[in-house]
Amino acid sequence: QKEVEQNSGPLSVPEGAIASLNCTYSDRGSQSFFWYRQYSGKSPELIMSIYSNGDKEDGRFTAQLNKASQYVSLLIRDSQPSDSATYLCAVNSASGTYKYIFGTGTRLKVLA
Amino acid sequence: GAVVSQHPSRVICKSGTSVKIECRSLDFQATTMFWYRQFPKKSLMLMATSNEGSKATYEQGVEKDKFLINHASLTLSTLTVTSAHPEDSSFYICSAGIGTDTQYFGPGTRLTVL
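Listed in order, the protein sequences are those of chains A and B.
According to our numbering, the first sequence holds residues 1 to 112 in order.
According to our numbering, the second sequence holds residues 1001 to 1114 in order.
A few of these clues could be false.
As the list claims (entries may be wrong) - Okay, derived cross-link-like pairs now, DSSO-like style, lysine-lysine, Cα gap no bigger than 27 angstroms in a straight line:
(1) A:K67 x B:K1014
(2) A:K109 x B:K1041
(3) B:K1041 x A:K99
(4) B:K1014 x A:K99
No lab work stands behind these hints: they were computed from the structure.
Remember, predicted model here, so these are calculated numbers, not experimental data.
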């Protein structure tokens, strides 16, 4: 059974701090990794995708991938109250398809 | 990013009626679309994968005769909840695949069955 695991939280950080969200996956053959943000009552919105080991930065967001350890993380720098949401980690294990395995999400609270 | 729309955004219906939800990719062609369901404070649950011109692939435990999916064109997939009951009340979200493997989500449809 392929699995993606996330700490459900809530993870509380003060405004301006770095929020670190982690995700582990079970399938070593996984090729693509995604982070989505979901506000309460809304649908998920894509933040970042990452395919290779290492870091990928986009504005205040940095995704980190370590395939050997089977984890992917998302760092949010200078956290803002508007970043308060649930962050979903998604893994695409089947190359050539779009089908994801989603984690259960980590709820982030940024305290003003 | 790619834009996916859903219609309606919210629907309230009586028990026993059928409800159709449309999912459209507005600025790209999507050979694959997905339908998810999400209950309050729960994660997304994949219901089915919809490929243009072929039958949908349903996840285990999802009744294909109750949740009818049609993907008639590269920009439109529909989900029909037949003979809806209160337990079908949920947030239904579609997504469309673009590029090699990225999914973009529609805004969701909140279904309430009375």
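Against the structure, the hints come out as follows:
With a C-alpha separation of about 49 angstroms, the suggested pair K67 (chain A) and K1014 (chain B) falls outside the 27 angstroms cut-off, and the hint is violated. For the hint pairing K109 (chain A) with K1041 (chain B), the CA-to-CA distance comes to about 15 angstroms; that is within 27 angstroms, so the pair holds. Between the alpha carbons of K1041 (chain B) and K99 (chain A) the distance comes to roughly 22 angstroms, so the proposed pair stays at or under 27 angstroms and holds. Taken as a hint, the K1014 (chain B) and K99 (chain A) pair is broken in the structure, with Cα atoms around 33 angstroms apart against an allowance of 27 angstroms.
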